[in-house]
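**Q** If you want the building blocks of each chain, they are given just below.
There are 2 protein chains.
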Amino acid sequence: MPTYPTFGFLTPQNMGLLTDLYELTMADSYFRQGMNDWATFDVFVRELPADRSFLVSAGLEAVLHYLEHVRFDGEALDYLRSLNRFSEGFLDYLRDFRFSGSVRAIPEGEVFFPQEPLLEVTAPRIETQVIETFLLNTLNFQVTIASKAARVVLAAQGCGVIDFSPRRDHGADAALKVARASYIAGCIGTSCVLAGQLYGIPVFGTMAHSYVMSFPDELSAFRAFAADFPENSVLLIDTYDTIKGAERAIIVAREMAARGHRLRGVRLDSGDLVATSRQVRALLNAAGLRETQIVLSGGLNEFKVADLLQAGAVADAFGVGTELGTSADAPFVEGVYKLVEDAEGYRVKLSTGKATLPGRKQVWRTADTKGIPQHDTIALAEETGPPGAGPLLVEVMRDGRTVRPDDLDEMRARCRDRLALLPSPLPVLRGSGTFPVRLSPALEALRVRMYEEAARENG
Amino acid sequence: MPTYPTFGFLTPQNMGLLTDLYELTMADSYFRQGMNDWATFDVFVRELPADRSFLVSAGLEAVLHYLEHVRFDGEALDYLRSLNRFSEGFLDYLRDFRFSGSVRAIPEGEVFFPQEPLLEVTAPRIETQVIETFLLNTLNFQVTIASKAARVVLAAQGCGVIDFSPRRDHGADAALKVARASYIAGCIGTSCVLAGQLYGIPVFGTMAHSYVMSFPDELSAFRAFAADFPENSVLLIDTYDTIKGAERAIIVAREMAARGHRLRGVRLDSGDLVATSRQVRALLNAAGLRETQIVLSGGLNEFKVADLLQAGAVADAFGVGTELGTSADAPFVEGVYKLVEDAEGYRVKLSTGKATLPGRKQVWRTADTKGIPQHDTIALAEETGPPGAGPLLVEVMRDGRTVRPDDLDEMRARCRDRLALLPSPLPVLRGSGTFPVRLSPALEALRVRMYEEAARENG
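Those protein sequences? They're chains P and X, same order as listed. When we follow the numbering used here, the leftmost residue of the first sequence carries the number 231, and every step to the right adds one. When we follow the numbering used here, the leftmost residue of the second sequence carries the number 231, and every step to the right adds one.
Certain hints may be false.
Treat identical chains as interchangeable: a pair holds within one or across any two.
Subject to a maximum C-alpha distance of 30 angstroms in a straight line, what follows is the list of computed DSS-like cross-link-like pairs (lysine-lysine) [claimed, not checked]:
no. : residue 1 : residue 2
1   : Lys534    : Lys584
2   : Lys600    : Lys584
3   : Lys534    : Lys474
4   : Lys600    : Lys474
5   : Lys474    : Lys584
Keep in mind that the hints were calculated from the coordinates and are not lab data.
Please work from the sequences and hints to get the whole structure.
**A** Spelled out as structure tokens, the structure:
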């Protein structure tokens, strides 16, 4: 038995079982049928969620890490054996399982669109099947969050955005991955300490209402905090009355200044943030505290951030929690993993509304002279791209080994550059996107031919 | 450095850092101020999400496990030291950190309502602060999913509901916890193999379209699968044409019968599920395959399941994925953690729209003679409950040790019993709830007095 059954920790030894049962069932059938020639699968998103006009790539690093480290230990195999459906031969195969395939992908931080292959796996068929669920779980989630976070960052118009979401994220792994994906998308940091430790992301934090309530009065609470954290005090001023809170913060800021310290900021978490942030800014400025920052929080999302700034709210940073960490208005993207080619040739799926594009592919992005993207072209991998267009998919794993690892700062810089050059007619906050994604003539001809043939054979 | 920085595994050694920075900052301040008397915090949900009329308790077991095992190892302390804000005294304190407090909670699988304390922690103040984020992360998420799953289970009217969500869940931990919470709420199992291993939940699986596409034709695919899994074959019949797929499944079922086996089922994942499920059922019945089950899947939620059954769809089970695993229409509940009492007395928070109820409390449920709940009463813990009412909160941890552990089957049985006796006017699928939750006269009087006093002192 695992050491912590009641909790459910993921480990390198058990993460192979973080999969849908049918992946292993199909893999066993391929094993028994001797069907282990290579196959190529694409991950792509079918369509944009409501109010989205672009997606941001994220999650690749965790995918590559999984592919390098996934194993099936004795406990995993014992459990699978207990299900009375797997062949001993297949369980032996899993005992020595190593992912040996190759992967091409759109790097993290890149902007991409539906139908475009985000990631392409080529490997022996059994391996492609075993890994499907984990890849989709990882990519779907991190793309969802990075795409949401990019919207909040754009809405904040240069003000900092901090991930305050751990208490509402979907479990422990989500709290880590929200911090990571939203940092790639341009957030300046997170409240999640473990994400700070594991990923090197800057961590931020202020105080809670319960802290203020734990002292006889608000001024005592502010004084204690300022004494304990002379370099890092951001005071929460709305526990009782925000304006009185601001006045007490100013008293403490003056006391700090007399000791050679500086009040870093105040946070407002409730009430009319437009009116109070303006009043608080005026009070701070009048007290000579122009460098004391204002952090706004409390049920924010990209729409509210945009509305606050539009209405004249004054802020240096926004703490955004629940709606960022759950991508509340669109908590998933419909990323799928589809067979597109194998040793027998190109493959397509015909199911109503779920059709696929055959073959190994490349996505070419064509930009104008200012670097603003004009359209993308999905082409077969062996085609030459349109003149002047650049390819999005790069080789990231060869024969089971990661090549070309990015670090988080590169991903973040990539995303910053891309968001600065979003196609200008693309609606950023509301409305669905209209960015043109074309098929190359060769891919379009192949697609039509494949559909006709498949319909004839199986119709 | 941790062994798997790029992935971010949670371990007993690092889970103490799965917290908002401000929890540790406030804890350090309490440490320096010598403020470590006991304090009591409540977890409660502020309000019901749209289209919810009740919530289902879930996540307690993971909370108790965390409280028993949370530690801060050398790497964690080194990281905290590197942030240049914590006192060495506090880091020493964390090195020996053990949760020593007591916890009362509403057991998992119980139905509960907003404002009712779901969980109450009494511990030295520093401990109460350190644990906040993890408790909220765990409870908010599992309550969200259990409450969503209960709706799908109710909509399915006795047909089985299977969690098919891992590919869209918010990361690895979410895939495990969705399986667990939805099993408590009445799902018959999950596709997530690791949840099967860790929690003993039944696992289910069929095949994917890519499996069918990997064979020269559909019939060959069905024959191979039936040969490999004579006891566990559920054939996916909509890759090309659902009715032709059903006819091919019947051919294979007859071949299986000739070998002494039985086709367990077929799955339909696209198209008009009402019409095709009826046609397929008729074809199967006409072929003498009345025991061959029909599983429906493909973008389902509680509304679609209800509509399908209402329109006459025929199903033995529903595979529900994305919308269950992300609780797509309401991906969070606003569970909060609020100071209600400490050694100085009762505590309340006054912030606009975020007020709290003071004191340690009990929730009493009053039912009619048939056992159908009529109203709940939130009272102070020391009060006697209304005549005939039963208490919801039970002691689950004393002095850092778990008491009265439930197992999953008990939680599941509790939820089944409660869902069978939901207050009959409560809207199950659409509309918000109106179940009456009252305050005892003593609590109401205390609340009014506290608000008046606090407004006078801090206003």
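**Q** A separate judgement is required for each hint: does it hold in the structure or not?
**A** Each hint tested on the structure:
| no. | hint | result |
| --- | --- | --- |
| 1 | Lys534 to Lys584 | between (35 angstroms within a copy, 19 angstroms between copies) |
| 2 | Lys600 to Lys584 | neither (36 angstroms within a copy, 49 angstroms between copies) |
| 3 | Lys534 to Lys474 | within (25 angstroms within a copy, 51 angstroms between copies) |
| 4 | Lys600 to Lys474 | neither (50 angstroms within a copy, 54 angstroms between copies) |
| 5 | Lys474 to Lys584 | between (59 angstroms within a copy, 18 angstroms between copies) |
Comparing the model with each earlier hint shows violations of hints 2, 4; every other hint is respected.
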